[in-house]
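Order-wise, the sequence lines are chains A and B.
Letter 481 of the first sequence, counting from 1, is numbered 481 in the working numbering, and no numbers are missing.
Letter 198 of the second sequence, counting from 1, is numbered 720 in the working numbering, and no numbers are missing.
Derived by calculation from the structure, the hints in this document are not laboratory data.
One or more of the hints may lead you astray.
Claimed, not checked - Cβ pair distances, simulated, as ranges:
id : chain 1 : residue 1 : chain 2 : residue 2 : range
1  : B       : PRO556    : A       : PRO181    : 46 to 52 Å
2  : B       : PRO556    : A       : PHE41     : 42 to 48 Å
3  : A       : TRP507    : B       : ARG759    : 52 to 58 Å
4  : B       : ALA716    : A       : PRO268    : 53 to 59 Å
5  : B       : ALA666    : A       : ASP7      : 29 to 35 Å
6  : A       : TRP292    : B       : LEU551    : 39 to 45 Å
7  : A       : ASN341    : B       : LEU551    : 36 to 42 Å
8  : B       : ASP543    : A       : ARG180    : 23 to 29 Å
9  : B       : LEU758    : A       : GLY299    : 47 to 53 Å
10 : A       : PRO268    : B       : LEU758    : 48 to 54 Å
11 : B       : ALA642    : A       : PRO125    : 25 to 31 Å
12 : A       : ARG129    : B       : GLY645    : 31 to 37 Å
13 : B       : GLU653    : A       : PRO318    : 54 to 60 Å
To be verified - List time: in silico BS3-like cross-link candidates among lysine-lysine, alpha-carbon distance up to 27 Å:
id : chain 1 : residue 1 : chain 2 : residue 2
14 : A       : LYS485    : B       : LYS592
15 : A       : LYS339    : A       : LYS485
16 : B       : LYS592    : A       : LYS339
17 : B       : LYS592    : A       : LYS285
Just so it is clear, CB atoms sit at the ideal spot from N, CA and C, and this is done for glycine as well.
So you can see what is in the structure, the chains are spelled out below.
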Amino acid sequence: MTVLEEDLPTGRQVRRWTRHRSRHHAEAGISALLGDIYTAFLSIAITASMVLSLASTLAPKDGSPARGAIEGPGLDPGWLAVLPALAATAALVGLVARLGPLALSAAESAWWLPLPTERRTLLRPTAYRWPGVAVLVGGIGGCGVGLALGARPALVAAVAVLGAATNVALVVVAGLTQTRPRLHRSLRLGADLGLAVVPVVGLLLAFGGWAPPPLSELLFGGSGLVIIVVIVLTVIWDGRLAKVPGVSLRSQGAAADEALVAVLSLDPRGLGRALAARAEPSRRKRSLTMFWLARVPPGRRPEAALITSDLLLFLRTPRHVVQVVLAGCLPVLVLATPKPNVAALAITFVAAAYIAALATAEGARRAQVNPALDAALPLDQHEVRRFRLVFPSVLMLLWAMVETALLAWRYGDPGGWVLLGVLVAPAWAAAAVRAAYRPLPDFSAPQIYTPMGGLPPGVSGIVTQGPDVALIGSVPLIVALILGKVSTPVLLLQVVLTFLAVTLASWLRQRPGPPGTTSAPG
Amino acid sequence: MSKKRRPAVEKDRPIPLLLIDGLQVGYGLPVCPPVTVNVEPGTVVAVVGANGSGKSTLLRTVVGLLPPVKGRLELLGKPIDDRSRVFRADLAVELGDDAFFPTLTVREHLMLICYGHGVADSGAVTSALLEDFGLTERSEALPAALSSGQRRRLLLAGVFARPRRLIILDEPEQRLDSSMRDDLTERLVEEREAGGTVLMATHDPQMVRRAATSVVVISDHDVRVLDADGGADVILREL
């Protein structure tokens, strides 16, 4: 019954065996592999060129005012490359701590983990995926920082190497903490905190008027030092790969699988759930009595229950509260630059509003997946949609009032701007609710072939359902930003567009019911 | 738990294959009363109880997928640790996790287990198991082409494709037709008679009556250990 250890295959051999056998039945051949590599390189090249060209435009030009010489609040444009690079690092570490770095798919966990083979070589290829991503994120971010600060090419390269090595070091640290759940959780929270702190730091830098320090030759030594640290950490990590318990490999793999399926299904809602589910507590200390529902007239209690559920879901998901607050910081960062660029301000404002609105519509998103509450209440689907708009609208109203008051700080006319904010808020809420109820792409239909691979028909319409309303609803605000003032026609246009947005969000496609029945709202 | 000093008299006792002593299982908080049972070689221990009573949680704790809330849990005198190769070589587990490599056939899944466990005559072992579990005609099929019951048969066949000291099964009768349930029951009896050991959660009174040597009944208030007939009666009367 007992098998000698020498008779057992190594982890690497088990991997090879599986890969070799799989190749016989895999539909994709070498051409598909080359296609994937081509697509990956193309994506990286496009991303890198976009970041680098943007960073180049931030570099100080001859004749431009000297850094630190600007009076009043002013964010040095150099920070606009440093801050996103730091945010990207924090986001990467947060992602790595949620999805790994060591993780096995459900099939790998079920069929490989019970084998008595040694696990180090089994896990090694998995271990080096995330450091590869870290090299790209850190390298591109570092390169952007170097260019934005106007460094010479050698220093730009040094910053890129430093960025890549630092990101790899952080990923390896995440790997080392995987055997210690508390430390791993702390790292994830630290990364989330780091991401949250970036806009706040930006505001402090803006109001402090600090310029980024000039890049010096010390960066060469610093890069070398970090590379040595990375090598040492990697060697330690490699030696500890076999010490990661199977339960951690399974749970991280389940999260990674879920996230991958969401990405491949073009389902951002699913991606959010995959990244968040394991961070939420499974129980609360006590249940609320919800006494206030008893004070609502009986005929209105279903609506009140629906709004209460949205409110409680928001308050009990701290990341959504943080998301709303941080989204509010983004336009302020642009407003705090010496001469706010109108295009950058408009894009940031609309994007931030949409990000904040998305955080308020979690109830609708969950209802789209599992409409248990909607079905349990005596409300028809039209009413459900309308009342799902209430909580996001109220919260976005508060958000928009604060943000437009800040616009008034730079552009004057507080009454006009705040009134515009009040009018635009329901449109943003409507955009989030519309996005929440969008259908999934029909992957069973014939695919449309594109240079980026096959896509299901109608995917562009589905993906843009939500952002379209946010954009159209924001047109008067964008016009006001371009003009630098709020006029009566702009306000009237906002009223019309907000009405349209709310109508679109609460509109339901009529589906024919079974024969002999009246058509039911779908 | 393993740091607790053992009484001197235990030195003379044979170490049980699986020792479960005052074990509380759950997700931070216990989901059932403490369980105490020694699983000896050549026995089939059935765990029965209502839905949500903690049977699956107990099994998941025994195989190391959940940390114990409290109590002592040892396999051959050593704490449960799935990182140990010896632990993985000793324990054959099937908890109904329906996951397969999409590009490996039914036969290749079984061959992977044989290969990974160093089984000498993997071809013959695989063919025999495919025959026994009614999968011969589907042996070259990919998992996506299998029915739910066929996938369960493949998972169960995997348990018997490899050397093992202890088999752990979670409701193995689920998704099987009555004929395959009977075959599985007979296989468990053969396993027991050959000196093998099984710990399983089940709702099947026939399987309990025929194969089990003892039954752990988990309820909200207590945990009882009964003989096979007593356990089968509990399933029929109370569950």
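Right, here's what the structure says about each hint:
At roughly 24 Å, the beta-carbon separation of PRO556 of chain B and PRO181 of chain A lies outside the given 46 to 52 Å, and the hint is violated. For PRO556 of chain B and PHE41 of chain A, the hinted distance range of 42 to 48 Å is not satisfied, since their beta carbons lie about 58 Å from each other. For TRP507 of chain A and ARG759 of chain B, the hinted distance range of 52 to 58 Å is satisfied, since their beta carbons lie about 56 Å from each other. Checked against the hint of 53 to 59 Å, the pair ALA716 of chain B and PRO268 of chain A passes, with Cβ atoms roughly 54 Å apart.
Between ALA666 of chain B and ASP7 of chain A the Cβ separation comes to about 33 Å, which falls inside the hinted range of 29 to 35 Å. A C-beta distance of roughly 30 Å is found between TRP292 of chain A and LEU551 of chain B, which places it outside the suggested range of 39 to 45 Å. Range check, ASN341 of chain A to LEU551 of chain B: Cβ separation about 55 Å, and the 36 to 42 Å hint is violated. Taking the beta carbon of each, ASP543 of chain B and ARG180 of chain A are about 27 Å apart, inside 23 to 29 Å as hinted.
For the hinted restraint 47 to 53 Å between LEU758 of chain B and GLY299 of chain A, the CB-CB distance of approximately 50 Å keeps it satisfied. Taking 48 to 54 Å as the suggested C-beta distance range, the pair PRO268 of chain A and LEU758 of chain B conforms, at roughly 50 Å. Distance hint check for ALA642 of chain B and PRO125 of chain A: the Cβ-Cβ separation is about 28 Å, which falls inside the suggested range of 25 to 31 Å. A hinted range of 31 to 37 Å for the beta carbons of ARG129 of chain A and GLY645 of chain B is consistent with their spacing of about 35 Å.
For the pair GLU653 of chain B and PRO318 of chain A, the supplied restraint of 54 to 60 Å holds, since their beta-carbon distance comes to about 56 Å. Using a Cα cut-off of 27 Å, the hinted pair LYS485 of chain A and LYS592 of chain B is violated, with the two alpha carbons roughly 67 Å apart. Of the supplied pair hints, the one linking LYS339 of chain A and LYS485 of chain A holds, its CA atoms being roughly 16 Å apart against a limit of 27 Å. Under the criterion of a C-alpha separation no larger than 27 Å, the hint pairing LYS592 of chain B with LYS339 of chain A is inconsistent with the structure, at around 63 Å.
Between the alpha carbons of LYS592 of chain B and LYS285 of chain A the distance comes to roughly 22 Å, so the proposed pair stays at or under 27 Å and holds.
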